[in-house]
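Asker: The lines below spell out each chain.
There are 4 protein chains.
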Amino acid sequence: MANKWDDKNVTISDLQKIVMDFVRKRDWEQFHSPKNLSMAIGSEVGELMAHFRWTNSKDEENTAKECKNNLEIAHEVADIMMLLLEFTKVTEIDIAQAVKRKLEINEIRYPVDEFKGKNHKYTKKQ
Amino acid sequence: MANKWDDKNVTISDLQKIVMDFVRKRDWEQFHSPKNLSMAIGSEVGELMAHFRWTNSKDEENTAKECKNNLEIAHEVADIMMLLLEFTKVTEIDIAQAVKRKLEINEIRYPVDEFKGKNHKYTKKQ
Amino acid sequence: MANKWDDKNVTISDLQKIVMDFVRKRDWEQFHSPKNLSMAIGSEVGELMAHFRWTNSKDEENTAKECKNNLEIAHEVADIMMLLLEFTKVTEIDIAQAVKRKLEINEIRYPVDEFKGKNHKYTKKQ
Amino acid sequence: MANKWDDKNVTISDLQKIVMDFVRKRDWEQFHSPKNLSMAIGSEVGELMAHFRWTNSKDEENTAKECKNNLEIAHEVADIMMLLLEFTKVTEIDIAQAVKRKLEINEIRYPVDEFKGKNHKYTKKQ
Numbered sequence: 001m002a003n004k005w006d007d008k009n010v011t012i013s014d015l016q017k018i019v020m021d022f023v024r025k026r027d028w029e030q031f032h033s034p035k036n037l038s039m040a041i042g043s044e045v046g047e048l049m050a051h052f053r054w055t056n057s058k059d060e061e062n063t064a065k066e067c068k069n070n071l072e073i074a075h076e077v078a079d080i081m082m083l084l085l086e087f088t089k090v091t092e093i094d095i096a097q098a099v100k101r102k103l104e105i106n107e108i109r110y111p112v113d114e115f116k117g118k119n120h121k122y123t124k125k126q
Numbered sequence: 001m002a003n004k005w006d007d008k009n010v011t012i013s014d015l016q017k018i019v020m021d022f023v024r025k026r027d028w029e030q031f032h033s034p035k036n037l038s039m040a041i042g043s044e045v046g047e048l049m050a051h052f053r054w055t056n057s058k059d060e061e062n063t064a065k066e067c068k069n070n071l072e073i074a075h076e077v078a079d080i081m082m083l084l085l086e087f088t089k090v091t092e093i094d095i096a097q098a099v100k101r102k103l104e105i106n107e108i109r110y111p112v113d114e115f116k117g118k119n120h121k122y123t124k125k126q
Numbered sequence: 001m002a003n004k005w006d007d008k009n010v011t012i013s014d015l016q017k018i019v020m021d022f023v024r025k026r027d028w029e030q031f032h033s034p035k036n037l038s039m040a041i042g043s044e045v046g047e048l049m050a051h052f053r054w055t056n057s058k059d060e061e062n063t064a065k066e067c068k069n070n071l072e073i074a075h076e077v078a079d080i081m082m083l084l085l086e087f088t089k090v091t092e093i094d095i096a097q098a099v100k101r102k103l104e105i106n107e108i109r110y111p112v113d114e115f116k117g118k119n120h121k122y123t124k125k126q
Numbered sequence: 001m002a003n004k005w006d007d008k009n010v011t012i013s014d015l016q017k018i019v020m021d022f023v024r025k026r027d028w029e030q031f032h033s034p035k036n037l038s039m040a041i042g043s044e045v046g047e048l049m050a051h052f053r054w055t056n057s058k059d060e061e062n063t064a065k066e067c068k069n070n071l072e073i074a075h076e077v078a079d080i081m082m083l084l085l086e087f088t089k090v091t092e093i094d095i096a097q098a099v100k101r102k103l104e105i106n107e108i109r110y111p112v113d114e115f116k117g118k119n120h121k122y123t124k125k126q
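So the sequences go chain by chain: A, B, C and D.
Heads up, the first sequence is in the numbering used here, so the first residue is 1 and it goes up one at a time.
Heads up, the second sequence is in the numbering used here, so the first residue is 1 and it goes up one at a time.
Heads up, the third sequence is in the numbering used here, so the first residue is 1 and it goes up one at a time.
Heads up, the fourth sequence is in the numbering used here, so the first residue is 1 and it goes up one at a time.
Derived by calculation from the structure, the hints in this document are not laboratory data.
A hint or two may mislead.
Identical copies look the same in the list; a pair holds intra-copy or inter-copy alike.
[Stated by the list, open to error] Here are the simulated EDC-like cross-link-like pairs (lysine to aspartate or glutamate), alpha carbons at most 20 Å apart as the crow flies:
hint, residue 1, residue 2
1, 68, 113
2, 17, 94
3, 8, 66
4, 116, 14
5, 8, 114
6, 25, 94
7, 118, 14
8, 25, 72
9, 17, 27
10, 4, 72
11, 89, 21
Please read these numbers as outputs of a predicted model, since none were measured by experiment.
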């Protein structure tokens, strides 16, 4: 278990456990199919995007600082993370391994020589 | 650092580090504002949802098993995780702390007595 | 112009005009780039999906009737439509022609003989 | 019926009819619940947003022109429109009336005097 509860100390499984405890205590797993969970993530990302939709380039400098202190944004990040942890629990996907594999694929797809500093325009990455 | 690279051993910071190394080597941070990252998460979740959109109740039993072996779904989960890790790096949000705080709020908002086994109908939770 | 203002009488251009009048009177076009508009549509669809995310098959029979009388759902549909009309105005896309062309492509891609009654599983249609 | 098939001549009902004919010929209505349709719109908007996610302010001037000639973007707009038309058919929402009512609400919520030229920051509009 973690000493201090922060990103440096908490494993993905640690975080997943407190989420699943919450869900199970309420007997909510019956409603939380992979389909429903993916839809919930879609809703929460919609909420997150709502913070940025009308900003333009003049605003961009301040945006990162504003986000840092914006509790609503932290809540939306938390929601997305919790739903993703539940999704991967139900579908038995190991997030750390999935990320590592995807980065290996991306290393080949986006060689540094070719893509450094470039706005990699694409519509569908994979 | 992790012994075995999996959810049991990898911390959120460990995972964030390999993502940020990838991005920085390619000098892509300039394109990755919080706004753009949130939009990218929206796109990736769209990809994830596409796997489930026409399924109906007859399919639901098999869905979790199917997801487990579906490489595309694992890729989309990885994409969402990587973008979220970058978003929280740029906005200096600690995911573990954000999730813990959100669960504390939800403990109060959804007391077990009242919400156990209930399909909590709501349009916007927070 | 339409006699009665409803779907039977109102053309896409009629509807687009009242939306653009609203936007222009407020001098909001400067914030409404194609990027921002697509992001706003993403947010609004997130709102729409939130109504359905935890429903399961037992609920499906009643859902269509419930939607009919749900003002919030009508508002979200309106928001999505208005943003789409603005997006197509800015990008000079004719919606009627775009839909006709896409259906022609889909006629060939999904021949009736082969696809009738089938849950056409796919991740990306086009 | 429309003389020329374009936004100036085609009513919302005209467009809805050709979409519903396509769906019914394939006996697909059984899969197209309001929930599934909202999820499909979410997926398609994800596709649309993917075109813009890494663009920054230097690109914005060209974006509207690029969109105009981009067939993929026209296809995604068509998909969103078709799904929205089906959603409103199933839920018996009249789009023209819904938009008119929403604009009436917005006229009051965003008086011209107060909101002209202002980037109306908000997370949840309604």
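Asker: Each of the hints needs a verdict: does it hold here or not?
Answerer: Evaluation of the provided hints:
For the homomeric pair residue 68 and residue 113, neither the shortest alpha-carbon distance inside one copy (33 Å) nor that between copies (32 Å) is at most 20 Å. For the homomeric pair residue 17 and residue 94, the shortest alpha-carbon distances inside one copy (14 Å) and between copies (17 Å) are both at most 20 Å. When the C-alpha separation of residue 8 and residue 66 is checked against a cutoff of 20 Å, the pair qualifies neither within a copy, at 23 Å, nor between copies, at 33 Å. Taking the shortest alpha-carbon separations for residue 116 and residue 14, neither the intra-copy value of 35 Å nor the inter-copy value of 23 Å comes in at or below 20 Å.
For a Cα distance limit of 20 Å, the shortest separation of residue 8 from residue 114 qualifies neither inside one copy, at 33 Å, nor across copies, at 35 Å. Taking identical chains as interchangeable, the C-alpha atoms of residue 25 and residue 94 are never at most 20 Å apart, the minima being 23 Å within one chain and 25 Å between chains. For the identical chains of this complex, residue 118 and residue 14 are neighbours neither inside a copy (37 Å) nor across copies (26 Å), given an alpha-carbon limit of 20 Å. Taking the shortest Cα distances, residue 25 and residue 72 never come within 20 Å of each other, neither inside one copy (26 Å) nor across copies (31 Å).
With identical chains, the CA atoms of residue 17 and residue 27 are at most 20 Å apart within one copy only, with a shortest distance of 15 Å there and 35 Å across copies. For a Cα distance limit of 20 Å, the shortest separation of residue 4 from residue 72 qualifies neither inside one copy, at 23 Å, nor across copies, at 35 Å. Proximity of residue 89 and residue 21 under a CA criterion of 20 Å is satisfied intra-copy only: 12 Å inside one chain copy versus 27 Å between copies.
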